[in-house]
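Since the structure of chain A is already known, use the hints to place chain B on it.
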Amino acid sequence: MAYRVPSTTKPLLRAQLTSRPANGHLAFIPQIRKLVFEFCDKWPSSANTRTYIHDHLEELARTNPHVEIVIRQRNQREPIARGFYLNGRDKVIPLNGFEITGIQKKVQLLLDASGAKIKPLKRRTVESTTEAARGIWSGLHVDEPFKI
Amino acid sequence: MGYAQKRLASTAAKLASVSPSHVRVFPPKEAVASSSSSSQKHFFDAQTWASLQPPPPTSFTAFAHRIGLGNILTSIVDIQRACTHPSFVPLYSHHYPDKPLPATNANLAVLGNSLLGLFATEYVNASYPHLPTRVMKAAVSAYVGPTTCVGIAKEMGVTPLLRWNRTPTTPTSPAVLHPDALSSVPRALTALVYQHRSLLSARKFVHKFFLSREVDVRNMIKFRDPKAALAETVAKFGRERPISRLLKETGRFSNSPVFVVGIYSGADKLGEGFGTSLKMAEYRAAEDSLHRLYLIRQPSHLVQLPTSTFAGGRGNVFEANGTEGKYLAGEMGDSEVLYGSAGRTGQRNPGRRSQAIEEEDLEVVL
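First to last, the protein sequences are chains A and B.
Read left to right, the first sequence gives residues 1 to 148 (UniProt numbering).
Read left to right, the second sequence gives residues 1 to 366 (UniProt numbering).
So here's chain B without its partners, still in its complex pose:
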């Protein structure tokens, strides 16, 4: 499909479409010009009228069943609330001043956002215990951030159900665009699952839809000088300084050489890298060593999440009954190397935990 066709399809998806069988009065009174009220200067815009009509109730129930929440979201009112962005309210009240204001997902989206952050952070931290802090934050953004929420909303089929209004930037509020409105819906759904069931059910929902997606964490760990970074990291752990050794080579002085370099700390090989030049191979070997440290991953069946300690009964965390779940905290290791801090990492002895475990003197650790 060409660019023009794709653009047309996405524009058509954003436009509202109304099924006449679900509208009470069709054609609407405002559309028909009546001679008695010829003094009225109303201009009828079909697109605006269509965007003000609610989608048919059948589409809401079908949506709830599609995402597996058919038994949880039994009321159409809740689903409709989750799919209504606050930007819609001024438009609605302007055209229908006598009708009650529609319920919006503002509060639900905020609650859902907090829950998403909680579940994603504990999952990323438990799965990758040695990840640097800024990479962990980036991974959390990748798992539950605005771009992902937009993608999930589109894949669930929220676009025809969403009620919103495009708002330009004002001095008091930022602009509201289609991605902003779309991303509020999955957050609102998470909050609804928490409200109707429990925190653990909300966690299951988040794991199913958000944390099952593919995130490339490896690409987020990039150093300008991996050799220097590795040297500092190795010093922090109290090991011998890294030495690079050529393991294999072929085609030197030809137009396609291949060098395989390994970086060793004493007798332990930390990482291996290939390249068409010795420098590039050494660079990749240093990167590989850092990846092998920072991307250590806990297998998914052994991941321990702190929220398991909440009771599994229905209701919010303050009211739920039931016994606490089991949670086994991971062993504390050395914290990450802080670069550019002039050697003042804030610890008395850098690498003391690793050294203490070597000497089997656990009192030093405590």
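One chain only, chain A, in its complex shape:
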């Protein structure tokens, strides 16, 4: 039986021929795809939402053409803004109790969000009565400061 000489180089398998995303390095794809406003026509808790939709929604849609904006009926309930994101999740924010500026801030929050689940970073902080043994490092007080 003939002996097959192993090749000099290792084979490149198909799974290796991939790339990792770099959103924002050159092109930025905004993560929100749809914004749904649900409100009641009659109840007073939706009054501010109705005013916001009447006065500011068209301008919002023009300045954010990458978002689909939808209006839905939500009778006898509190008004809601729901954002749908590219990772398949959605964020829901109730809009009762806010003034127009408050609603604008919440809508901006939805527009800027990525849809990722909010991970709480609450940890027990280190509280010590003694100062650090080796001092606190500072990037500005080194021989060669870091150059971007």
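No wet-lab data here; the hints were simulated from the structure.
Just to be clear, a hint being listed does not mean it is correct.
Said to hold, decoys possible - Straight-line alpha carbon distances no greater than 25 Å define the calculated SDA-like cross-link-like pairs of lysine to any residue that follow:
(1) B:K99 - B:N165
(2) A:K34 - B:G68
(3) B:K6 - A:A113
(4) B:K326 - B:H291
Said to hold, decoys possible - Pulled from the structure, derived: some chain A residues nowhere near chain B, Cβ distances all over 12 Å:
(5) R14
(6) P44
(7) E59
(8) E68
(9) Q76
(10) E78
(11) G97
(12) D112
Just so it is clear, CB atoms sit at the ideal spot from N, CA and C, and this is done for glycine as well.
Leaving out everything else, chain B in the frame of chain A:
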């Protein structure tokens, strides 16, 4: 999120969902059983009906603006065409035989694929001039291959807009699965940018979305015997044979030694490697030397691309007006070492270009 939840989410993403406000007749006539046509044996499948409805036009315009092509793809018809895979047509014509066939992205995907290959190859070659051929091909696949196209399509949000149909393998055509259908969309978009603007605009689009991604080229260069490969490469360049020297060591005969070995060709250090044994350190040093040669990279602001010579005016390359751009070709060096060719590399003098430059005899090069 557990595996079951992730699987559910991905299955739900592949299922079609219809917004009733954009459907002309809801509920559809086929869904309502009428007593007059009781002889009909139609079985109504909601999922199939949903997959046949086009997505709402607002989602297409939002998609175009999301990827920055809002001014280029002004017509919804074009975007819809780019998001329709040819596998969809038989399903559509079977259910709606009277309606005109939907336009598919078959031609656009083929054109876009060629353009992607062109731009990726010139970019990889200009950025890494000394890369071995099979590694360059692998890098091109990594930048614009099917897996990347699927990833880009998902990140752009193409999944709810895609119209396709799962097709099993037939004797005349391969199977069509979700990744195959998804990967056709970014290719079609590249072709659309070329058709609506110019080749240079298509190149900008490809650089923005495909060539900005992170590809690990270093992991693609692997040798079974880097020491032997280095010896052959050094001989090709006409330098002294490589000698490995121990530079630093600590912990010999302990359970965690560290050796640092450097490989020298005469007085020049080619590469350095560490390891817990002398052999491993030498192996890594040889690998490092080969990486330092093959992964020489041109800085991105100095990269010269041959497609810059095309005119910048609108239209395809045969019709575009404008002046040619500047392109400065790189200097030719020695070609890569061909292993297993019994020393017959096809050149008269291996390493003649390097030797000629040393002796400043440029006539030999020409």
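> Within 25 Å, alpha carbon to alpha carbon, are K99 of chain B and N165 of chain B?
Replying inline: holds, 18 Å
>> The output says G97 of chain A does not contact chain B. Does that hold with a beta carbon cutoff of 12 Å?
In response: Holds, because the least Cβ-Cβ distance between G97 of chain A and chain B comes to about 29 Å, which exceeds 12 Å.
> Would the least Cβ to Cβ distance between D112 of chain A and chain B come out above 12 Å?
Replying inline: holds, 15 Å
>> Between the alpha carbons of K6 of chain B and A113 of chain A, is the straight-line distance 25 Å or under?
In response: The hint holds at about 21 Å.
> So is Q76 of chain A really clear of chain B, every C-beta pair being over 12 Å apart?
Replying inline: holds, 22 Å
> Would you say E59 of chain A is clear of chain B, with no C-beta pair closer than or equal to 12 Å?
Replying inline: holds, 16 Å
> Would E78 of chain A pass as off the interface with chain B, using Cβ distances and a cut of 12 Å?
Replying inline: Holds, because the least Cβ-Cβ distance between E78 of chain A and chain B comes to about 23 Å, which exceeds 12 Å.
>> Hint check: K34 of chain A vs G68 of chain B, CA-CA at most 25 Å. Holds or violated?
In response: With Cα atoms ~17 Å apart, K34 of chain A and G68 of chain B stay inside 25 Å; holds.
> Straight-line Cα separation of K326 of chain B and H291 of chain B no greater than 25 Å?
Replying inline: The hint is violated at about 31 Å.
>> So P44 of chain A supposedly isn't at the interface. Is its beta-carbon more than 12 Å from every beta-carbon in chain B?
In response: holds, 27 Å
> So is R14 of chain A really clear of chain B, every C-beta pair being over 12 Å apart?
Replying inline: violated, 8 Å
> When you look at the beta carbon of E68 of chain A, is every beta carbon of chain B farther off than 12 Å?
Replying inline: violated, 5 Å
The structure does not agree with the numbered hints 4, 5, 8 stated previously, though it agrees with the rest.
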